[in-house]
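Peer 1: The lines below spell out each chain.
Number of protein chains: 2
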Amino acid sequence: TQQLLFGLSVRNKSFRVTNADRSVKKGIIADSLETLVNKASFSLNVTPGSLVLDEDGTDVETEEFFETLQNNSVLMLLDMGEKWSPHPNCLSRGHVC
Amino acid sequence: TQQLLFGLSVRNKSFRVTNADRSVKKGIIADSLETLVNKASFSLNVTPGSLVLDEDGTDVETEEFFETLQNNSVLMLLDMGEKWSPHPNCLSRGHVC
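Chains E and B are the protein sequences, given in the same order. Just so we're aligned: the first sequence equals residues 1 to 97 in my numbering. Just so we're aligned: the second sequence equals residues 101 to 197 in my numbering.
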């Protein structure tokens, strides 16, 4: 149920993007993977290495996978050389956190 | 409730495909087992031996079994000669992980 409102693209989605140590999280609106990485890179002051899902570290590499992401998905923008790690409160996969 | 949006096929599903040691996980969109294996093989740089369910190592060998996979299923693409092993955090069967 996406709508054209106030000049926003119908494809715009809202994301929450954190850095590798989860010390900062930014709300970012984007209609493409390229736009999301550019905006998050500027906002978090990170040289983009890769963009991954915060929940399990899945790489978001393609626009087609980006299209399937839910509104309000939490992502992590990794700097060059940084690696995803699970949230410290989640000691096992599938833990609800 | 699949919809034809933005030119995506109605049969497309979103998967998360990891390599044998779970060091890399990629978001992959595919509408068939053949497409999924080809895309994951390229993205993970793996010569495809077999594609299995990450949770219990079940072989995904047929298109009809592929059809039954849920959106966002986690799979593992094994290189020739590699074997599935349970996640190290899951020490016992039935553990939620």
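Hints were generated in silico from the structure; no laboratory data involved. Keep in mind the model is a prediction, meaning the values are calculated, not measured. Treat the hints with care, since some could be wrong.
Claimed, not checked - Listed next, with one range per pair, are the computed distances between beta-carbon atoms: (1) E:Glu61 <-> B:Thr162: 25 to 33 Å; (2) B:Leu169 <-> E:Asn71: 17 to 25 Å; (3) B:Leu153 <-> E:Lys83: 21 to 29 Å; (4) E:Asn71 <-> B:Asp121: 27 to 35 Å; (5) E:Asp79 <-> B:Thr162: 40 to 48 Å; (6) B:Pro186 <-> E:Lys26: 32 to 40 Å; (7) E:Thr62 <-> B:Gln170: 17 to 25 Å; (8) E:Pro48 <-> B:Pro148: 26 to 34 Å.
Every residue gets a Cβ at the ideal spot worked out from N, C-alpha and C, and that includes glycine.
Peer 1: Now look at each hint and say whether the structure bears it out.
Peer 2: Status of the hints after comparison with the structure:
Judged by the Cβ atoms, the range 25 to 33 Å given for E:Glu61 and B:Thr162 holds: they are separated by roughly 27 Å. Here the CB-CB span from B:Leu169 to E:Asn71 is close to 24 Å, well matched to the stated 17 to 25 Å. At roughly 25 Å, the beta carbons of B:Leu153 and E:Lys83 sit within the given window of 21 to 29 Å. The beta-carbon spacing between E:Asn71 and B:Asp121, approximately 33 Å, falls within the hinted interval of 27 to 35 Å.
Between E:Asp79 and B:Thr162 the Cβ separation comes to about 42 Å, which falls inside the hinted range of 40 to 48 Å. The hinted range of 32 to 40 Å is satisfied by B:Pro186 and E:Lys26, whose Cβ atoms lie roughly 36 Å apart. In this structure the supplied range 17 to 25 Å holds for E:Thr62 paired with B:Gln170, their Cβ-Cβ distance being about 20 Å. For the pair E:Pro48 and B:Pro148, the supplied restraint of 26 to 34 Å holds, since their beta-carbon distance comes to about 29 Å.
The structure agrees with every numbered hint stated previously.
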